[in-house]
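**Q** Take the given structure of chain P and dock chain H to it, following the hints.
Protein chains in written order, with our numbering: chain P, 1 to 186; chain H, 1 to 199.
The set of hints was computed from the structure by calculation and includes no laboratory data. Check before you lean on any hint, since a few could be wrong.
[Claimed, not checked] Ranges between beta-carbon positions, derived for each pair:
| no. | chain 1 | residue 1 | chain 2 | residue 2 | range |
| --- | --- | --- | --- | --- | --- |
| 1 | P | Gln77 | H | Val27 | 36 to 46 Å |
| 2 | P | Val100 | H | Asp79 | 18 to 28 Å |
| 3 | H | Gly147 | P | Ala24 | 47 to 57 Å |
| 4 | H | Asp120 | P | Ala69 | 35 to 45 Å |
| 5 | P | Ala69 | H | Ser89 | 23 to 33 Å |
| 6 | P | Asn107 | H | Ser42 | 52 to 62 Å |
| 7 | H | Glu51 | P | Lys105 | 34 to 44 Å |
[Said to hold, decoys possible] From the derived model, a few chain P residues whose C-beta atoms are all more than 10 Å from chain H:
| no. | residue |
| --- | --- |
| 8 | Thr23 |
| 9 | Gly33 |
| 10 | Ser40 |
| 11 | Gly58 |
| 12 | Pro72 |
| 13 | Thr79 |
| 14 | Thr108 |
| 15 | Tyr110 |
[What the hints assert, rightly or not] Part of the chain P face toward chain H, derived, beta carbon under 7 Å:
| no. | residue |
| --- | --- |
| 16 | Val30 |
| 17 | Asp37 |
| 18 | Thr103 |
| 19 | Ala106 |
Just so you know, these numbers come straight off a predicted model, no measurement behind them. The beta carbon of each residue, even a glycine, is placed where N, CA and C say it ideally should be.
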Amino acid sequence: MSRYLLLLPIAVALVGTAFGQETATIIPIVNPGFEDDVLSCGAGFDCDASPLTGWLCGPDAGVFKPSTAQFPNGIPQGTNVAYLGRGLNTVQTGSILQQVGATVKANTTYTLKLSVGARADVGFCGVHRLLRGAPGGKCDPGLRQHPDSSAWHLPDRRNRVSVGRGASAVGAAFANSGEECWHWTG
Amino acid sequence: MRRNLRALPFVLAFLGAAFAQSNVTPVSIAILNPNFEGDGLSCGAGDNCYESGATGWMCGPNSGVAKFSTVQYPGAPPDGIYVASIGDSYVTGSILQTLGASVQANTTYILTLSVGARADYPFTGYLAALMAGNVTLASRNAATPVGGTFVKDVIGYESGAKPPQLGQPLEILVKSMGTGQVNIQAVSLTATPETENQQ
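Same shape as in the complex, but just chain P (with noise of 0.2 Å):
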């Protein structure tokens, strides 16, 4: 399966941490790691089903076991991750959506938590974050983020992440890893 946009969030984490606070309350989510959804087939380009347990699934998107084909260092943790859209002879938008049980609470820094990819095998075109307080909420600002292709990128940001989808790298590169952070403050 062809996909140009893929997406990738490993150990997804929410975490809320009240000012004054030292420790991070964790806040659950379900299937962080998209590992609930076991694939038989061998790892590679068309290891995956959709949609995925637990996430409100948009256009073509689902649950992924890659290969060293499309991330040579492998992945930050697991055997599955998320793909998000499509590419090569059709091209789709995708996303993922989960409602988690907490509630926005004042005076409290909101992080969230993914690691983002891009496959060497196919090209990316960018993603979008969101942390919405509630269908239609408003969300800071976007920054821009592109990792290489079959890297795992992610410097810590605040605001909300944006990429155009004309942004697209393509081709094998060196992976590294990474962790992208950002925060949003209720």
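**A** Here is chain H on its own, set in the frame of chain P:
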């Protein structure tokens, strides 16, 4: 539909503790499309009569509604039986529904569902869970239906005086395990407040 209903000793003990000492009537908590008959399939009942997704349920991979015939369930009615079909040999699947009710203190919740194993497809296990706020409150995977039958499974949860998920919306999650398929029917959930003399 002939079903093999085997209430487990755990269930009897749990229900007994909940109801024997009071006359409190369990309150049924509404579940959308609990029998998976909300999506009409025009195809003839059988192994190919399936659509991914099920109204009211957030479905994982290769999960949806199916209308099976007597080939899959010998006790099925002539026009077939609707079930949730979860997973297959390629990928595990799931169904998840967030309910309108939330966790209350000093309340006993009983989740009941019928777990089916097709006669013509492997059954390799499942996990059924009552959750709130994405946290599992109670779960079970004890039912072991033989091919072509359903077995009732019952999951109980006593919230206690100060449940950590107090006020969080209740959720029902059923997952398939392994490389087989599990079918689900007749999902129900009740809440029974404890009376003062039970506390």
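**Q** Hint by hint, note whether the structure agrees.
**A** Now for the hints, and whether the structure bears them out:
no.	hint	in the structure
1	P:Gln77 with H:Val27: 36 to 46 Å	42 Å, holds
2	P:Val100 with H:Asp79: 18 to 28 Å	41 Å, violated
3	H:Gly147 with P:Ala24: 47 to 57 Å	48 Å, holds
4	H:Asp120 with P:Ala69: 35 to 45 Å	36 Å, holds
5	P:Ala69 with H:Ser89: 23 to 33 Å	24 Å, holds
6	P:Asn107 with H:Ser42: 52 to 62 Å	55 Å, holds
7	H:Glu51 with P:Lys105: 34 to 44 Å	41 Å, holds
8	Thr23	16 Å, holds
9	Gly33	14 Å, holds
10	Ser40	5 Å, violated
11	Gly58	13 Å, holds
12	Pro72	25 Å, holds
13	Thr79	13 Å, holds
14	Thr108	16 Å, holds
15	Tyr110	15 Å, holds
16	Val30	5 Å, holds
17	Asp37	5 Å, holds
18	Thr103	9 Å, violated
19	Ala106	17 Å, violated
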